[in-house]
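Undergrad: Each chain, letter by letter, is given below.
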Amino acid sequence: MHFINTEGMDEFITLNHGSGGRLTGELIREMFATRFGMNEPFTDSAIANIKGREMAFTTDSYVIEPIFFPGGNIGKLAVCGTVNDLAVAGAIPLYLTASFIIEEGFPVKDLITIVESMAQEAKNAGVKIVAGDTKVVEKGKCDKIFITTTGAGVIRDGCSHIGTAVKVKPGDRLIINGPVGNHSIAVMGARKQLSFTSQVVSDCASLNHLINRVLDTRCEVHFMRDLTRGGLATVLNELSAMTGMGVEVEEDKIPVDEPVKGLCEMMGFDPLYLANEGKVLIVVPPEECDKVMAAIRSEPSGEKAEVIGIITGNKNKMVIVKTLTGGTRILDMHSGIQLPRIC
Amino acid sequence: MKYIDEYRDIRLIRALEKTIRREAIGSYIFMEVCGGHTAAIHRFGIPSLLPPNVTLLSGPGCPVCVTPVSTIDRTIELASQKDVIITSFGDLIRVPGSVSSLEKEKAHGADVRIVFSALEALEIARASKGKKVIFLGIGFETTAPGTAAAIIKAKESGIRNFFVLSAHKIMPPAMEAIICDGTEINGFICPGHVSTITGSKGFRFISEKYNLGCVISGFEPVDIMMSVLMLIKQVNNHKFLTEIQYSRAVTVEGNLKAQKIMDEVFTLASNEWRGLGTIERSGLKINDKYSAHDAEKVFSLKGLSENLRENTSCLCGEVLRGRKRPTDCRLFAGVCTPDNPVGACMVSAEGACNAFYKYRRNG
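Protein chains in written order, with the working numbering: chain C, 1 to 343; chain R, 1 to 363.
Honestly, the hints are just simulated from the structure, not real lab data.
Heads up, some of the hints might be wrong.
Derived lysine-lysine pairs resembling DSSO-like cross-links, with alpha carbons at most 30 Å apart [claimed, not checked]: (1) R:K289 - R:K129; (2) C:K291 - C:K123; (3) C:K315 - C:K167; (4) R:K289 - C:K144; (5) C:K139 - R:K285; (6) C:K167 - C:K192; (7) R:K18 - C:K322; (8) R:K285 - R:K297; (9) R:K297 - R:K153; (10) R:K129 - R:K18; (11) C:K139 - R:K106; (12) R:K82 - C:K144; (13) C:K192 - R:K106; (14) C:K169 - C:K304; (15) C:K141 - R:K2; (16) R:K131 - C:K139; (17) R:K129 - C:K139; (18) C:K192 - R:K2; (19) R:K132 - R:K82; (20) C:K253 - R:K18; (21) C:K192 - C:K128; (22) R:K297 - R:K324; (23) C:K192 - R:K257; (24) R:K18 - C:K192; (25) C:K192 - R:K129; (26) R:K106 - C:K141.
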């Protein structure tokens, strides 16, 4: 395991292991899954059969700096993120639990804001927060507030394959529900790292209503995954690895808002690697594409949806981008965080 | 988007491709010496648009890549001192030193922080009373003015816990070193962002003294294709000039204000480059007026260890000199990957090995 590059002698966890890219994948597979006896494919939610009913479970910890950003805060994120992980597994999200690790000295008024937005978002998404836990730690032992939410839901009939990608076939179309990169840029702006103010707002949103709308069409949906930390590029690579098939996307079809595009050009970022919190990749057979697109576009979080690519055969098991210049390039899994250009 | 779309216009690119194929009657090797160009060339698949007799070669243009192991080691030594916060541009923390890296030291408890600019490091110093904040300044004329501005601001505002370890370099002496090293090239795609600061005048001596083409290029596919065409024409006509293709950003004189700030803070000194060795008058040293913010002067460093350990199979040095291509290295894509980099050229997104790995793994 590539814990750190010193001839494998001494290994440590570095920030790179948490960046959502290849090293995170290695950590999950080689450290946790082998010891916990978990089997691939690794999906956003686990599915368990309880008394004849298929249930989905998922859990996620939220640490973000700053905790308030344009378009949301750590509390809203903690609800949306877990709701989305359930929904993309084909589940109807029902219950959440919420655990808080709070640093001594944290302002109560900030906690109220965070908890109220959690309550509001849970109401929007139609889930109930039913249990929780609180720990307060000494100053410096955590950064302001960390939240962990765990979610449970019921898998919709005939939808348990959606997270696993087993039904994906060559020729399937790739749909994304809107422009990528807004969350990352909004957070960077809030960190004052952009040296100027930007108007970009995080896309942080619960997607279960949009996903329900799609599944209500009774169209065949072969795969869904929400785009988070590693961005679109990471999800496309995961899809290629899960299916053993090639994925081809057209660069000019991938929606990117103008301010995000401008900032990316200036800073040297690739929007395909930027984090999102309200975007989902949906894979459908070509004949269902129009109907699914119409359903997505009828929802507020899907108005700017686009068909961005296609599943190719299993000859070339990688993600290929057709560039604006008419050439092609490999879209690799990212390594580490994206950094601004210095040259 | 304006200023982007028109420079990615497929019709223009196709037209340039056709003209290049028609004009390229001989054999041409051009070197780019800007990491931004290296990244753009591979991202846009420029080599696939050029005929086989036109070759692009990456030179020492990636700031992270040319930072020598000794600088990493010195920074690690500083990181271990009491109450020190090391700040730097992100990729640098992953570059292997002789025995460790800043990333590894960070995992061990050293306070190492990634910043986007020198001014961000200055803000950390302002907010961290009782700590000594050291900014490891790397990069060429593009980043050096920012570092200089932060040093001036620190002095003016009396922020006495802000220090800079300057590993800043300037580009023209390295280009001259490449020429004198005997690397066979017909011209340079000169750096775009560096030139917005220096102006084209800083490169003129190359075309005049060495009869080599110099074209300062932008970063979009149309820019790069156009620059290649301009270079081919110079070679065909045996008329070597320093031309500006990137005229929407670059002038002959450059950014005079930035030049003034750099002159105020830095003096030229000999400097070590990874792969190229020590080059006279190629580094930017903080002058005596600002020595209170110069980490070299304020902190005692044991000096360089004698047995610097670089992986002997790593061809980074040869790649930076344009002698080898990343795919010539037997570590490439096997032992050495972006997740597990052996050499600096695989670490940075602006490094040749990283760009090759990311976009063109199959050569």
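Undergrad: Checking one constraint from the list: CA of K291 of chain C to CA of K123 of chain C, max 30 Å. Satisfied?
TA: 29 Å, holds
Undergrad: For the pair supplied as a hint, K141 of chain C and K2 of chain R, confirm whether the alpha-carbon distance does not exceed 30 Å.
TA: Since the Cα atoms of K141 of chain C and K2 of chain R sit roughly 47 Å apart, the hinted pair is violated (cutoff 30 Å).
Undergrad: Check the hint pairing K129 of chain R with K18 of chain R against an upper bound of 30 Å on the C-alpha distance.
TA: Outside the cut-off at roughly 61 Å; violated.
Undergrad: Could you grab the alpha-carbon distance between K82 of chain R and K144 of chain C and see if it respects the 30 Å cut-off?
TA: Holds, at about 26 Å.
Undergrad: Just to be careful, I want the Cα atoms of K18 of chain R and K192 of chain C compared with a cutoff of 30 Å; is the pair within it?
TA: Status violated; Cα separation ~45 Å.
Undergrad: Compare the distance between the alpha carbons of K192 of chain C and K128 of chain C with 30 Å, and conclude whether the hinted pair is satisfied.
TA: Violated, at about 35 Å.
Undergrad: When you check the alpha-carbon spacing of K315 of chain C and K167 of chain C, does it fall within 30 Å?
TA: The given pair, whose Cα atoms are some 18 Å apart, holds under the 30 Å limit.
Undergrad: Keeping to a limit of 30 Å between CA atoms, is the pair of K297 of chain R and K324 of chain R held or broken?
TA: 38 Å, violated
Undergrad: For the pair supplied as a hint, K192 of chain C and K257 of chain R, confirm whether the alpha-carbon distance does not exceed 30 Å.
TA: Cα-Cα ~25 Å, so holds.
Undergrad: Between the alpha carbons of K18 of chain R and K322 of chain C, is the straight-line distance 30 Å or under?
TA: 21 Å, holds
Undergrad: Please verify whether K131 of chain R and K139 of chain C have alpha carbons no more than 30 Å apart.
TA: This hinted pair holds, its Cα atoms lying about 18 Å apart.
Undergrad: Within 30 Å, alpha carbon to alpha carbon, are K253 of chain C and K18 of chain R?
TA: Answer holds: K253 of chain C to K18 of chain R is near 27 Å, not above 30 Å.
Hint compliance for this structure: hints 4, 5, 6, 10, 15, 21, 22 and 24 are broken, all remaining hints hold.
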